[in-house]
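Student: Sequence:
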Amino acid sequence: MVLTLYNTLSREKEEFKPIKEEVGMYCCGPTVYHFAHIGNLRSYIFEDVLKRTLLFNDFKVKHVINITDVGHLTSDSDTGEDKMLKGAKRENKTVWEIAEFYTHAFKSDIKKLNILEPNVWSKATEHIKEQIALIQRLEKNGFTYFAGGNVYFDTSKLKDYGKLARLDLDAETKSRVEEDQNKKHPYDFVLWFTKSKFQDQEMKWASPWGEGYPGWHIECSAMSMHYLGEQFDIHCGGIDHIPVHHTNEIAQAEAATGKKPWVRYWLHNEFLVLNQGEKMAKSGDNFFTLSVLEEKGYSPLDYRYFCLGISYRKPLMFSWEAMASAKNACKRLYDKVLELKEDESGEENKEKQIEYLEKFTSEINDDLNTSKALATLWEVVKDDNLSNNDKLFLILRFDKVLGLGLKQLQKEKIPLMVIELAEERLVARRTKNWKRSDELRDEINSLGYTIGDTVDGYDLKKE
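Quick note: the sequence shown uses my numbering, first residue 58, plus one each step.
Bear in mind the hints are in silico, worked out from the structure with no lab data behind them. Note that beta-carbon positions come from the ideal geometry of N, C-alpha and C, so glycine has one too. Treat the hints with care, as some may be off.
When the alpha-carbon atoms are kept at most 30 Å apart in a straight line, the in silico DSSO-like pairs for lysine-lysine are as follows [claimed, not checked]:
no.	residue 1	residue 2
1	K317	K164
2	K353	K197
3	K180	K143
4	K371	K398
5	K214	K353
6	K119	K353
7	K197	K169
8	K492	K457
9	K429	K439
10	K316	K197
11	K353	K216
Computed beta-carbon distance windows for the label pairs [what the hints assert, rightly or not]:
no.	residue 1	residue 2	range
12	E148	K468	47 to 53 Å
13	S348	R493	55 to 61 Å
14	K468	K492	29 to 35 Å
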């Protein structure tokens, strides 16, 4: 079945055809100066669904995620404070300590969200040699200049600069106020900073242009080509990467190699937005981390389910009401799967299995239509013409893409103390001691369990 993906470069859905047998996929990772917020994490959930969809379609995938631990300023266009320095000052630590701590925190979040790890975690500070080599190629090809202590990329030398964002360079240049007076053109950007930029910068390396450190954009071009080759299949990120970061990545790679297109398919996810319509962002201090959700009683997979309910290309409105709805849906699904695992009875209906598998595949292969795919999963759950055996088979197959952890789901062993309270409540009900029965129910609830009455006695479930 054909897989189609929306390509930002063409602004159209296109049939996915890999360059080689193994799909090369590069995703822009975090700048590790703070915790990732749940808006950031939406990107990685979308990218995980993409990777899982490729695997579901029997493609082999080589997946690289970078870790930006140097060179990213608070503005994507070379102005403002260094983000790593900002984090170090905030917490009175070294930039190296900050990078290590928040890299670990990010990987912990990824694991909680059931996101498949990449083949390669690529740290910018561990690939300085590759970044310097790429700048030297650009210098040799005539795309650089040195000014004010920094090496710049000369965008005027690249005829199709800005094609990803479809920038109108003439119109936007007139309205753009440029803070860096060393630039020849407003869209030029730094490839290498020398120590003249930040006197207190701890991260410095020797280079042909003087001691310094790389700009943000060069790391992704250098590292992606190091691991995936000079042309590869898929590059992902948030829509905020389109006008500057991804535009500059393309410029660097294509100017260095002369090969076009550098990347065949560009995929971008929309923002997570708050009730006021503003995007969630660390710069505005209006963000929630995964830990905040957990403190409020939501599991990371509740948030994953919430993200799957809408196309990755649409803004996702965050609210606690929507999270509560996702939590309830997850609980119903988990309860059903546990029920099916306890009773896998019934004969297989291969015809119905194939029908549902084809339906699910056509939906997920239509630019990762997770909302329709989720609806099909619930169709299976509610279909009385399917045996328990068929339902469990289909649900677990679908979850290879959705990633809700259903295969690993096991009924938790209920603590003895909770069982004893439930038994005491059963006695209270049989003796019509309703007051004591209600007290015991409340005590059971306070321990994180719900109790329901059945013909034979009671049913205990983890909340």
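Student: Are the hints correct? Go through all of them and say.
Tutor: The hints, checked one at a time:
no.: 1; hint: K317 with K164; verdict: 33 Å, violated
no.: 2; hint: K353 with K197; verdict: 55 Å, violated
no.: 3; hint: K180 with K143; verdict: 19 Å, holds
no.: 4; hint: K371 with K398; verdict: 35 Å, violated
no.: 5; hint: K214 with K353; verdict: 53 Å, violated
no.: 6; hint: K119 with K353; verdict: 36 Å, violated
no.: 7; hint: K197 with K169; verdict: 46 Å, violated
no.: 8; hint: K492 with K457; verdict: 47 Å, violated
no.: 9; hint: K429 with K439; verdict: 15 Å, holds
no.: 10; hint: K316 with K197; verdict: 16 Å, holds
no.: 11; hint: K353 with K216; verdict: 52 Å, violated
no.: 12; hint: E148 with K468: 47 to 53 Å; verdict: 42 Å, violated
no.: 13; hint: S348 with R493: 55 to 61 Å; verdict: 38 Å, violated
no.: 14; hint: K468 with K492: 29 to 35 Å; verdict: 31 Å, holds
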